[in-house]
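Undergrad: Throw the hints in and build the complete structure from the sequences for me.
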Amino acid sequence: MKKFLFKRAISSAISLTLLIVAVFFLSRLTGDPTDLYLPIDASQEARDNFRAVHGLDRPLIVQFGNYVWDILHLDFGDSIRRARPALEVVLEAFKWTLQLALITMTLVSVAAITLGSLAAFNVGGFFDRVATFFSLIGAAAPDFWVAIVAIVFFSLTLGWVPTSGTGTAAHWVLPIAVLFIRPFGLILQVVRGSMITALSSAYVKTARAKGVTPKKQIFVHALRNAMLPVITVIGDQAAALLNGAVVIETIFGFPGVGKLMIDSILQRDFSVILAAIMVTAIAIFIMNILIDLAYAVLDPRIRY
Amino acid sequence: QENDVVIALNEELETVEPCMASQSNIGRVILQNISETLTELNTDDGSLMPRLAESWEDQGEGTWRFNLRQGVVFSDGSSFDSADVAHSITRTLSPDLTCEIGAKFFGGMTLTATPVDDNTIEITSDPAQPILPLLMSTLTIVPSETAMEFTREPVGTGPYEMTEWNVGQDIILTRRDDYWGEQPEVAKATYLFRTDDAVRAAMVPAGEADIVPLISQIDATNEATDFAYPNSETTYLRVDSNIAPLDDIRIRQALNMAVDRAAFLGTLVPEAATLATHMTVPTALGADVDLGVPEYNLEEAQRLVEEARADGVPVDTEILLVGRLGNFPNVTEVMEALQQMLSETGLNIKLEMVEVAEWIKYYSKPFAAGDQPALVAAMHDNNRGDPVFSMYFKYACDGLQSGICDEELDGLIADATAQTGDERGDAWRAVFQKAHDLYADVFLFHMVGFSRVSERLDFTPSIATNSELQLSQIKIK
Amino acid sequence: MTQASTPVTTPPERSAFQTWLRLLWADKLAFFATLFLLFVLACAIFGPILMEDIATKQNLRGRNAAPFDLSQGFMLILGGDQLGRPLLARLIVAAQNTVAVAAGAVVMAMLIGSALGLIAGYSRGRMAELIPRLADVIMSFPSLLLAVIVLYMLDPSVGNIILVLAITRIPIYLRTTRAEVLEVRERMFVQAATVMGAPTPRIIFRHILPMILPTLLTIATLDFSFVMLAESSLSFLGIGIQPPEITWGLMVAQGRPYLTSAWWLSFWPGLAIILTTLSLNLLSNWMRVALDPQQRWRLEIGGRKNG
Amino acid sequence: MAEPLLEVRNLSVTFHTARGPVQAVRNVSWQVAPGEVLAILGESGSGKSVSASAVMDLIDCPPGEITSGQIIYRGKDLLTMDADERREINGKRIAMIFQDPLSHLNPVYSVGWQIEEALTTHGTARSQAKAKTLELMEKVGIPNPAASAVKYPHQFSGGQRQRLMIAMALALRPDVLIADEPTTALDVTVQAQILSLLEELQHETGMALLIITHDLGVVAEIADRVVVMNAGEIVEQGTAAEVYANPQHEYTKRLIGAAPGQGEMHENPPKTDPILRLENVSKKYGEFTALGGVNFDLCEGETLAIVGESGSGKSTTARVLLRLEEPSGGRAMYNGRDLFTLSPRELFEMRRDIQMVFQDPTQSLNPRMTVYQIISEAWVIHPEILPKTRWRDRVSELLEQVGLQAEHAHRNPHQFSGGQRQRIAIARALALEPRVIVCDEAVSALDVQVQAQVIDLLDRLKDEFGLSYIFIAHDLPVVRDFADRVIVMQKGEIVEQGPVRQIFENPRETYTQNLLAASLDPDPEVQAQRRAERLARTA
Ligand SMILES: Nc1ncnc2c1ncn2[C@@H]1O[C@H](COP(=O)(O)OP(=O)(O)OP(=O)(O)O)[C@@H](O)[C@H]1O
Ligand SMILES: Nc1ncnc2c1ncn2[C@@H]1O[C@H](COP(=O)(O)OP(=O)(O)OP(=O)(O)O)[C@@H](O)[C@H]1O
Ligand SMILES: [Mg+2]
Ligand SMILES: [Mg+2]
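Residue numbers (the working numbering), protein chains in the order written: chain A, 1 to 304; chain B, 305 to 781; chain C, 782 to 1088; chain D, 1089 to 1627.
One or more of the hints may lead you astray.
[Stated by the list, open to error] Calculated pairs, BS3-like style, for lysine-lysine (alpha carbon to alpha carbon, straight line, at most 30 Å):
1. Lys7/A - Lys1579/D
2. Lys1218/D - Lys1341/D
3. Lys216/A - Lys1218/D
[What the hints assert, rightly or not] Reference listing, derived: stretches of chain C covered by chain B, where coverage requires no fewer than 3 residues with Cβ under 8 Å from a Cβ of chain B:
4. 836-843
5. 1029-1040
By construction, these hints were calculated from the structure, which means they are not laboratory data. Beta carbons: idealized from backbone N, C-alpha and C, even for Gly.
TA: Given below as structure tokens:
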């Protein structure tokens, strides 16, 4: 266990380094922020000056050296656009994203696992068909459709919740509801499929022979056996949310990391891109370690 | 609160630095609300009004003297004097700061500010600028203590000060008691940021916002709240006149005739937009409303192309039609329609929609299209009243975005730039005329924007709303 | 030797194809899903040849024509788009790019991802440690940045878009496969195969993969819609497929501003995406049952009842 | 006779399969009274387990279907009862010991938890349940209960798992206990211990016991009455002694005639060169030493039986030998090479030669393959054995040799009975035509008749092709009939080895002597006598 964590920490750190190196060089192949930052009619002089100020005129390898040097001093550089430390900008946004991801994934997991298991209990039954149908439609519908229709209906027509923004708990309702739908559909299907197999195994019969209630047969005996693919997919969906839900953030004016990342990419604000990747990557790496630990906890036959 | 307004902007403010106020999203919050300028452009008639400078006179040799308003205090309590102006100029033009205002309006010139006394200052430009007072309408004044780095707490002489900035969420401006001018009605303004057009528009009926400066044409359906106003943007296709077959004037004429401009109005482009004949807005100096819009005539266009073909012009060369995503509402559809219209002349037009970073490479020299003839769709914004901000870049041989190189045109531009007074207008008119005769571009529209204003307010957006939103002009019903 | 269990009736031998067809017919939803998918496939293959001209014919003055109005000809039954082009024809033509991109990306991601996952899960050597880290890296690499990088350096052709989308989808297959392999490889029948001398590929493909495939298919079918919509957001940022090329995703995205004024612009392509995804999923659910001997009776019985 | 506690009337069960319905149970009726022991004997695949499952409401409907009949418990028909009532009965009133313990234990929960659950489900407090669990585990002979309770099923030996199942079923002292082959994986001493435990319980609570078995010795030892099933029908019933002494039905006669342990023992094993030599092989699971230095030779054409108490490391020896587990030490010389150091390439060659029949047949068959695919896989892997055109015929031939039918080739493993699955596993091992087969309890789930048939087959193959067997078994009569040499294991060590006659007639070690003494005789009369003697001794 300790050995596993140690090994994982090392290999994750190496991955992170590789990731940063790759992003550093690759992102710089996509162009120069100068043209995007300065007005279109800016003189060559102003451009050269801008490059010099932001160190963009130096050879790439020197820039990289400086970057590494700064990072070692815990300085992630300044955002060109925002003229602020990039890490500060990213953490501000990540705070929102993290909350959104945690709340959403918790709700999704609970709902999808419960309903998916119930659907699997009576395959082809009414509940199964209804759950499958609606979850699939939700999962396949374009998210902005759902978002806009929800705003028009719940905010404009009914006036129950604010259209967008942050501030009160009510502001969270729609973004979470819309974010909920796709992972819910996907996870429900994975749970359902995995549970169909688990529910037909012999050990569930043993449970039945013991007089265990159907509820426990499903959620205690079969579910744990069916959980491996489920937590994997939950992890994948959570990672997607941690990387930022761009559409939702855009529509609901949610100051998360997804929109920040997109803007920074489009503006070639490299320090912010790198800081954002670093922060989300660490979050995702930690999550994956937890998931791998969960495998071993869920299934004692898996040992690392 | 009765006297509070909520304004939903389409983009988050990345900084609140006054010297970046020429960026429209920053300008809408800061310009004339927090930071004021020496002069102010009256967008209705193109005249120049006093603001922090009460008057100004040309001293000759590129030097202008400005007499500053007295009794003005900054929101941090310090009083306004000529040292502040001098510092603001240095700061805005400083190479260390790369301010947008400096790069955009003061590129290629050196300004020297010499305070004469506390309330008088002389500003000299090299080379001489006949329109220096107009340029000063862009330069935001900050106190002389302001550090030489981007500030996060803007201080200005305007009627409001920034009291809160929750990054990503909102910015709050509160009315100052010690403003030198008339007390505005609005006491507090909250700025929210919503990128999505439909959501932004919905915020007014939902009661979450009072003013939404930019809504999409499609959402502008409520006459009581939605206002259309010219937004000083002009759309056009820049033609690479140096590359065959576009170097043939018949081809350029054919392109101009092939566009059924009227068909766009009220469909993809708002009804209220007007057909463009030249690069600047109709209220700018020298604007010639009498220039004719090339008439839509497909047969004639086809004939011209055939004629050129007969003369050995390589009309079958693939011509790139480059559009920029998100440039203006419906841009993709407009470009698709243009591609079809232009193709009907018999030319070989290929549409390419690109992201802004790539588009700039097509638009500014050296052109990314290289040897391939290209038509680059662009939208030009000149709300400063004088064509000088446009014409050199767009038409001179060395102009950064110029697709044409014509000696006579170059001469006309140089002449107009140096003129002052009434002759200046005439000189510009000649430039417009020449560009028109050369079919240097395919002009499309002077665009309009839409804003939604809650019925509770008495406020009519105007052309100025594009770059600033003066809270003091908002009245409460 | 006595007869322990006698089949009461011995139905005549049927060809494998007939058997599968019967199993398919037993699940009516899956049957119609298959028909729909075949129809989409036909559109993808023949659509552009047959409809290209109709689909690109603009009519600015007749834009956003409302649906269900036959007075303007059958082609406008689903309405017209922003440029007055018939939506029906555009949907049919767009099927080609859409299917190419979605199927290409999903299939590629699934093949590569599950192959890597199998190696990572089955091998106990260095690969078991390295490959999951690769997934970590891809997972934390913003897909948009990847798209910008790849499509900046290469041009935004269908192939490159498939490449980008496929790469970003690899981790889910990789990780799911790996997790399942970790468990399945411990089962006794895998050991039995080992004892018989089954080479590793056989153990992986014949014994382990079939146990995992249903889960992978479930994910893959739902990924279809995801990839279609992701592709459209790339287009929107200028790094995906660009007009005048069309895909359903792009149509949905372009219709977005009209959601409240001309809903049909994005509704039909959205519906096409939903129906395709739904059909694929119904089919994969059917396959899960049909391929699992312990579940197959569900179809066999149903088939008898209905047949 | 007392009022019956559980009565099955005219029960018929049909399974739907792709090739039409299969009638697994036809018109079966039997009953048990309190305190009574009813044994169901019968051919493997004759519907014994299915009828028991019907009582427990464990038949999946569909694909299974109870087409007729009633199951009456204390005057109430279980088949018409609602689910809640039914649940109250399951586990508490009627409990079942499953035939195949590995698949019936939940792999992801500790065994202690699973036993506890049987108690808590029916209202025992958790703390009490914990103590009770340890007590039960102790009773069924699991070493070190406290430490074992937190282990998972895969960490136990086959016999230990079976005992855990038994503990689970006994937890609530049910009125009726259905024991489906409860002792197939148990060595005779433990078997005796378990049987007396059951008896004890019967005395205490008046429990009715329905025992499904093929072991005539067990029947003789504890059954009051016997029901004989064949092909889904009851062909004969009566008291144990009656049926043994005076079988009426043709099938019963054959069955009793096939009881092992009556034939000639193999004489003077042919002393050939050893083809396999284990030197000091050891295996540790963490701290626990499962094997502590095992040495033995296997000669060509020899049958080497390994007997010994449950959990003594028999299966571990086999698994290590086949490199399914990496050994902790030692060498295994085969053809002059150490099996433990072979490269994957060389291992592949060796795999053809040494085959194994696993102790848990269900788990060792891929559920997604048909029997045809399972058996012919051998030839896919080693194509030189048989040309593809002959596969179909050869599969049919093998199936018939192990007592199945050619048409079974299209079924999937879950459609078979426990014994049938075991035979599929044997057929698979034979398909490869190996030189050594390791049989881990390979015939333990078979009725004596099929058992005899399979053993005959193995014997014949040995003579024809010079096969060698390592035959792990606890069923001493079978060992006696089949083995040339015997190894006795205890606690991971070999305590005695020698020719079969020597071990059976002159056992040196007390452990071996005890083992032999605990062996059961199929004749109820003999068994009754032995019991009386034993009781007298203990009294
Ligand atoms: N799901 C199923 N589908 C089809 N046939 C089945 C199914 N389950 C069991 N059978 C058949 O029912 C018959 C009876 O099986 P059962 O398990 O009751 O046998 P058994 O008497 O317990 O045999 P054994 O002693 O080998 O365990 C067998 O012939 C088996 O092939
Ligand atoms: N994976 C494991 N982890 C820990 N202990 C194990 C594991 N597998 C087996 N054991 C232990 O090793 C010992 C020997 O097991 P093995 O399966 O070889 O017994 P066996 O002689 O075959 O018994 P049986 O006759 O009951 O099948 C047992 O005590 C068992 O608990
Ligand atoms: Mg059985
Ligand atoms: Mg064993």
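Undergrad: I'd like to know which numbered hints this structure contradicts. Please list them from smallest to largest.
TA: Of the numbered hints given earlier, those the structure breaks are 1, 2, listed in rising order.
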